[in-house]
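Asks: Protein chains in written order, with our numbering: chain A, 1 to 160; chain B, 1 to 410.
Worth flagging that the hints you see were computed from the coordinates, not collected in a lab. Hints may be right or wrong, so weigh each one.
[What the hints assert, rightly or not] Residues from chain B that keep clear of chain A, each with C-beta distances beyond 10 Å, as calculated: (1) A17; (2) P18; (3) G33; (4) D135; (5) A172; (6) D211; (7) I251; (8) R328; (9) F332; (10) E357; (11) A375; (12) N386; (13) W406.
[What the hints assert, rightly or not] One side of the interface only, derived from the structure: several residues of chain B facing chain A at Cβ under 8 Å: (14) L9; (15) T10; (16) R12; (17) T15; (18) R31; (19) A32; (20) L387.
[Claimed, not checked] Across the chosen pairs, the derived CB separations fall in these ranges: (21) B/P189 / A/R16: 43 to 49 Å; (22) A/A101 / B/D317: 38 to 44 Å; (23) A/G5 / B/V384: 51 to 57 Å; (24) A/S143 / B/P301: 22 to 28 Å.
For glycine and all other residues, C-beta sits at the position ideal for the given N, C-alpha and C.
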Amino acid sequence: MSMGGLESDLEELYRRRQGAFQVMLASVTGSVESARDVVQEAFAQALRDQDRFRGEGSLEGWVWRIAFRVAIGSKGSRELAVEDVPEVAFVEASSDPTLAAAVRQLPPQRRLAVFLRYFADLSYSEIGEVLGIAEGTVAATLSQAHQQLGTAVSANEVMA
Amino acid sequence: MSTYEHDLLTARFATLAPRPLPGDWDDVLGRAGAVRPRRRRLARSLWRGGRRRKLVVALAVAVLVAAVGAAAYGTVRVIFLDRGFIGLPPVGATPSAPERGELLLSWSGASATHARPHWRGGVNAPFVVAWVYADGRMIWWRDGQVPEGANELASGYLEQRLTPEGVKLLRAEVAKLLDPSRSLLETLPADDDPRPGPFGGLALFVPQDYDSQWGEVEVRDGDRLVRFQWRGGIKPHLEPAVEKGGFEGTIATPEQLSALRRIDALLTDPTSVLPSSAWAVREVRAYVPSHYAVCIDTSPPKDASQLLSLLPARAADALRDKSRTRLRGDVFDASLNVVLGRSVTYCSKLTTQEAREVADAVSGLALERRMWPVALRYVVAEAVSNLNPTTISFDPYFPHGQFLLWGGGR
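Work out the full structure, taking the sequences as your base and the hints as a guide.
Replies: Here's what the structure looks like:
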């Protein structure tokens, strides 16, 4: 049963990137199992709502926004409110507790930008699209985040 | 932030990443109302029953596992290390011998042989560098997890030894494989000085879907070394002769690509490829150098005397009378694709013992954390604006008289 013209594009995106979606969203939901559920639901919602995709940005950016809305439960909201993103719950925080702690101290928008950059491997323009900010603002946000992470990591770590 | 620093941060984030569960497109269709629910329930029960495999991490732990082989060599005990290390070797480790060696073959670049699917999509082809010497030594480094490696992100420099027949076999096969690309071979200057980077020159352009998108091989041809380079990012429908980013060359033919794949296997995974008769010492040991390059890097450029005054007195005294090589470079922000400023690096060649004394003297300084998994580097002075901090680093010299400076020129 066909859902419309975007189904094959969404399926291709899903097959290629669902792992990245899970990894990124696990930091929001607190577990990879719940993140997987969010990803399944987000792609299902994208399939149902594909007529709303106007092609102004990338398909992936649009699905990321849906996924975040599903993850933070802000149903019906058109805009992603980064302040709504809950405290991160790294499922593998024990692997690098210093970095995990430093990331938790980032303000919500910086934190989200960092996640989208390093967990989701999105470009600056794609991050801008997801967060609804200009590419230059993404660069500045990430630069500030790098600085804050660098400072926090150097201040807290001791040589092994 | 440099590309290398970006890669290191990416690697650290990767250790925080959980292992994703298998996807199920039918389940998505079912949720969207497009598939039978029975299959959806089955699929969901499968993933819920799955177990996550925890990533093992020893990120900032330089494992200096000591002495595996302690063999009598005359009256001197020879101490080998069965794992790589970052920075200086444990006291008492026996240096690789002889100190000097004639370089016959080398590899530097991303390895298609070791490329693995990346959890974010695409493939990750780790950086490998390998040198083969006339005396049979093979010294190599590979990014990522290696059983004998120093940590989760890097092997450290490791050593194996080929028999004379093994060297001959390897050299002959690589030379034969390069024959179809002989028009792209370039002669290298014969000196011990570090070569500037990044390089330009002739290159074989490989397709975008080839796992190794960059690299170079060097081969001794009589009294000279010739270099063969490859670069990716070229679409196959382009003209046969092209130019890209300072490189000139031709699009790879299937024969050239197949040869490159084989060279990759020979030089980055010889243990799997070469017969056992090719090995004098197949076991992997740490490469223990006799000398280190102790380098001070700063931006914007400053005089060496000015930089020495920033060091603890004992370190400055040890370096003051040593001869220095001056390397110039750029501070480049890869994400913004802009040069932020100029930098300068002063390098002195010290014995391992002298380097250890300098390292002891600066050990009170903060470690450059972003480089620690791959290099021992201390922060001498904080960065000015968005340039790099002033650092002092310790990198081994290799038998052919060169060293690799991480995050900088070679």
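Asks: So, for every hint listed, does it hold in this structure?
Replies: Hints versus structure:
1. With a cut of 10 Å on Cβ distances, B/A17 falls inside the contact zone with chain A, its closest approach being about 5 Å.
2. Against the 10 Å criterion, B/P18 falls within the reach of chain A, whose nearest CB is about 4 Å from its own CB.
3. Non-interface call for B/G33 relative to chain A: violated, since the shortest CB-CB distance, roughly 7 Å, does not exceed 10 Å.
4. Remark: the non-interface label on B/D135 is consistent with the geometry, its nearest Cβ contact in chain A lying 35 Å away (cut-off 10 Å).
5. With a least beta-carbon separation of about 42 Å from chain A, B/A172 lies farther than 10 Å from that chain, consistent with its non-interface assignment.
6. Residue-level check passed: B/D211 sits 17 Å from the nearest beta carbon of chain A, beyond 10 Å.
7. Annotated as non-interface, B/I251 keeps its C-beta farther than 10 Å from every C-beta of chain A; the closest such distance is 26 Å.
8. The claim that B/R328 is not at the interface with chain A holds, since no C-beta of that chain comes within 10 Å of its own (minimum 25 Å).
9. Residue placement check: B/F332 keeps its beta carbon more than 10 Å from all beta carbons of chain A (closest about 14 Å).
10. Its beta-carbon lying about 18 Å from the closest one in chain A, B/E357 satisfies the requirement of being farther than 10 Å from that chain.
11. In this structure B/A375 is separated from chain A by more than 10 Å, as the shortest Cβ-Cβ distance comes to about 13 Å.
12. A Cβ of chain A approaches the Cβ of B/N386 within 10 Å, the least distance being about 8 Å, so the stated non-interface status is violated.
13. Look at B/W406: its CB is around 17 Å from the nearest CB on chain A, clear of 10 Å, so calling it non-interface holds up.
14. Nearest Cβ of chain A to the Cβ of B/L9: about 7 Å, under the 8 Å cut. The hint holds.
15. A cut of 8 Å between beta carbons decides the hint on B/T10: the least distance to chain A is about 6 Å, and the hint holds.
16. For the restraint placing B/R12 at the interface with chain A, the shortest Cβ-Cβ distance is roughly 5 Å, inside the 8 Å limit, so the hint holds.
17. Taking 8 Å as the C-beta cut-off, the interface hint given for B/T15 holds, the closest approach to chain A being about 4 Å.
18. The closest approach between the C-beta of B/R31 and any C-beta of chain A is roughly 3 Å, which is under the 8 Å cut-off, so the hint is satisfied.
19. The restraint placing B/A32 at the interface with chain A holds, with a minimum CB-CB distance near 4 Å, inside the 8 Å limit.
20. At about 13 Å, the closest approach between the beta carbon of B/L387 and any beta carbon in chain A exceeds 8 Å, and the interface hint on this residue is violated.
21. Roughly 45 Å separates the CB atoms of B/P189 and A/R16, a value that falls within the hinted 43 to 49 Å.
22. A/A101 and B/D317 have their C-beta atoms about 39 Å apart, which keeps the hinted 38 to 44 Å range intact.
23. In this structure the hint that A/G5 and B/V384 lie 51 to 57 Å apart at CB holds, the actual value being about 54 Å.
24. Take A/S143 and B/P301: their Cβ atoms lie about 23 Å apart, and the range 22 to 28 Å holds.
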